[in-house]
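Each residue of the sequence shown is one higher than the one before, starting from 1 at the first, in full-length UniProt numbering.
Just so you know, not all the hints are guaranteed correct.
Straight-line alpha carbon distances no greater than 30 Å define the calculated DSS-like cross-link-like pairs of lysine-lysine that follow [what the hints assert, rightly or not]:
1. Lys38 x Lys24
2. Lys76 x Lys57
3. Lys12 x Lys104
4. Lys36 x Lys104
5. Lys76 x Lys36
6. Lys83 x Lys38
7. Lys12 x Lys41
8. Lys24 x Lys104
9. Lys41 x Lys76
10. Lys24 x Lys76
11. Lys83 x Lys12
Bear in mind the hints are in silico, worked out from the structure with no lab data behind them.
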Amino acid sequence: MNIDNTQSQMRKGVLEFCILSIIKQGEAYPSDIIEKMKEAKLDILEGTLYPLLTRLKNAELLTYRWVESSSGPPRKYFSMTEKGEAFYLDLENTWNELANAVHKLTLPHSIQ
1 MNIDNTQSQM RKGVLEFCIL SIIKQGEAYP SDIIEKMKEA KLDILEGTLY PLLTRLKNAE
61 LLTYRWVESS SGPPRKYFSM TEKGEAFYLD LENTWNELAN AVHKLTLPHS IQ
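Let's have the full structure, built from the sequences with the hints guiding it.
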């Protein structure tokens, strides 16, 4: 078994939730999302982020607006829709249930 592959699959499973968590905090530009993910030690490539943002937008969970930039082309800033907020709450509940279950199962036997 390859530990790198297993770790990669675990990270992929939480990417959507993490990205939505960042956008939920306020309108976000893709490079800002990448930076926040890196700060949290969850590196993500543009080639992974942009298709995911497009999929979330097409599912009507995100919307965006163009902002003119003095240093180049206009920038696309993403924000969450009302549907996205509801979806996020469902994900958050699922995450909390999953994290609690994993925590309980991985505690040393004597502590449970």
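Against the structure, the hints:
1. Lys38 x Lys24: Measuring from Cα to Cα gives roughly 18 Å; hence the hint holds.
2. Lys76 x Lys57: Holds - the C-alpha atoms of Lys57 and Lys76 are around 12 Å apart, at most 30 Å.
3. Lys12 x Lys104: Given pair Lys12, Lys104 holds - Cα atoms ~22 Å apart, limit 30 Å.
4. Lys36 x Lys104: holds, 29 Å
5. Lys76 x Lys36: holds, 17 Å
6. Lys83 x Lys38: holds, 27 Å
7. Lys12 x Lys41: With a Cα-Cα distance of about 13 Å, the restraint between Lys12 and Lys41 holds, given a limit of 30 Å.
8. Lys24 x Lys104: holds, 28 Å
9. Lys41 x Lys76: OK: Lys41 and Lys76 at ~24 Å, within 30 Å.
10. Lys24 x Lys76: With a Cα-Cα distance of about 16 Å, the restraint between Lys24 and Lys76 holds, given a limit of 30 Å.
11. Lys83 x Lys12: holds, 22 Å
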